[in-house]
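Colleague: Here the protein sequences come in this chain order: F and A. Heads up, the first sequence is in my numbering, so the first residue is 2 and it goes up one at a time. Heads up, the second sequence is in my numbering, so the first residue is 14 and it goes up one at a time.
Hints were generated in silico from the structure; no laboratory data involved. Since we're looking at a predicted model, the values are computed, not measured. Just so you know, not all the hints are guaranteed correct.
Stated by the list, open to error - Here are the in silico distance ranges between beta carbons for each label pair:
1) Leu41(A) x Asp83(F): 19 to 25 Å
2) Asn225(A) x Ala355(F): 47 to 53 Å
3) Leu152(A) x Ala182(F): 36 to 42 Å
4) Ala58(A) x Ala355(F): 58 to 64 Å
Built from N, CA and C at the ideal position, the CB exists for glycine as well.
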Amino acid sequence: MAGEVKATILTARIRKERRGAGASSFILDVSIEASPGITILFGPSGAGKSTLLDSVAGLARPDEGRIVAGSDVLFDSGRGIDVPAPKRRTAYVFQTLALFPHLSAEENVSYGLMDLQEEERRKRVEAILKAFRVEKLRRQRPGEISGGEKQRIALARSLVTEPRVLLLDEPLTGLDAELKAAIVDDLRAWNAAKGIPILYVTHSREEVDALGERVIALDNGRVVSAGAPMDVLDAPRRKKLAQAAGFENILSATVLDLREADGVMRVRLGESACEIEVPLGYAAAGNRVQVAVRAGDILLATERPHGLSARNVMDGRIISLEQRGTMVIARVDCEVIFVVHVTPGAVRALELTAGRRVWLVLKTHSCHLVE
Amino acid sequence: MEALWLSMKLAACVAAILLVIGMPVAYLLAYSNWRGKFLLESLVALPLVLPPTVLGFYALVAMGPRGPLGKLWIALFGHGLAFTFSGLILASVLYSFPFAVQPLVASFEGVDRRLLDASAVLGAGSSRTFCRVILPLSLPGVVTAAVLSFAHTLGEFGVVLMVGGNLAGVTRTVSIDIYDRVQSLEYGEANRMALVLLAISFSVLCVVYAVNRRVWTPWPAK
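Kindly produce the complete structure, drawing on both the sequences and the hints.
Modeller: Printed below as a string of structure tokens:
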């Protein structure tokens, strides 16, 4: 057991085939490296993120590959090494948290320390409960604890064992941004001293922006890109990834001309006469490109707007309005169909109805080029 | 009253034994995934569909002085197994096996797999996971298994008749006793015993359903 932890680097090369019924088989085939600090695994559900974490933790067995944490080989199909999960010293916070419902918060946290002396165990539990600000809840059972605090306890339970790798599978879903940020700050503070690699799985765009150090984007079992969040996400190279990142509109377009001095180019959407200005990309006039726009980035007006800095104004008609939760999804026909998110209040104030003539306003930099 | 006391003793012994041997079998059925598992599953469920006389008959043959179990018993203890209390326990254990194993399997399977994963990742081997996670979370199933095998043994008739015979204080259980009294037209006495058995069975089933409906539990759900 290490009191001091050397800088650990996690490398994993994993190939795992999952045979489903009929043609629904799925192959995870990735090679990743995570240095100390947070590395985000980003991608749509079904991309293989959880299978990857399960393989690192020893809960799933790759068909082939090699997993190394620091100087310890955890798995090597070639040499027949497969360290069982209890001996891997990886910590794993599941999406469902998986707190033991019959144990108190304190008993949950000390679960992984059963081999320690009573005295040492108490000291460690005490310290970690304080570090994650849940010392008041020690006697409560998970059923009596709120969402955010449960997440803190799950983190504490994992980290108190002094793992050499931390795996987080969407551990903060369902929390509001402020609470999320507070927990992430505590996690960072803890890891500043320990310096272990943290693999953080999410499909939430906001979490990537909030955590962002390094992102590995997965899609359909493959690594599709890796790097800083801005590079990986703001120029999504794959359509599905763009959809996962919250781009409801993905339109094919033809490049008309490039205006390098302005850093923009004009494109025509689909087969329509609709022309918009988008950021300059690697393309030449006549090339086909995909333009991704978030439904929430589009403004909707009931009169032709003027005096705007936004360069793209298109007129069209509302085809349908559909309320979903506290958001209304409007589909607008501007020769090409746009999906626009508006609030119920805006629908009432502007008296939006199907068939109504409207104008859509799009900032140039809200248009993202895909592949 | 002697018969009732004997039945209670038998049922308690059987329930205790079944919990001990039922758990590993249930664990195997709930968590392992080998190709021949359906064979074990069928074998465990067999006493549910078999007429008690068939089970009793084979048990009797096996326990007889020339049967394999009988021979082994004589070699070990110097007396036969058939028509003894021990023989009765053995046959009853077989007969009530599914009543213990099936509630255990169901409750083991009901434990969230991610809790087992969490336990493994936190360094616990499978025996520690069993004792600290599976077992406490399967408590209603364990109670159900114990209570059902107790009640089922209490009410058995065919197997006892075949294996135990009708020796007062040794193998004459309450159901045999009732049968005897009806045969000899002692209806009043038979009714008294039958009522006691009815009351016990009903309260026992109440316990089972109450535990599984979570009318009360040792900890709040979820």
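Colleague: Hint by hint, say whether it matches the structure.
Modeller: Taking the hints in turn, this is what the structure says about them:
One distance hint, 19 to 25 Å for the beta-carbon pair Leu41(A) and Asp83(F), holds here, with the actual separation near 23 Å. Separation of Asn225(A) from Ala355(F) is about 52 Å and conforms to the stated range, judged on CB atoms against 47 to 53 Å. The hinted range of 36 to 42 Å is satisfied by Leu152(A) and Ala182(F), whose Cβ atoms lie roughly 40 Å apart. Between Ala58(A) and Ala355(F) the CB atoms are about 60 Å apart, so this pair conforms to the stated range of 58 to 64 Å.
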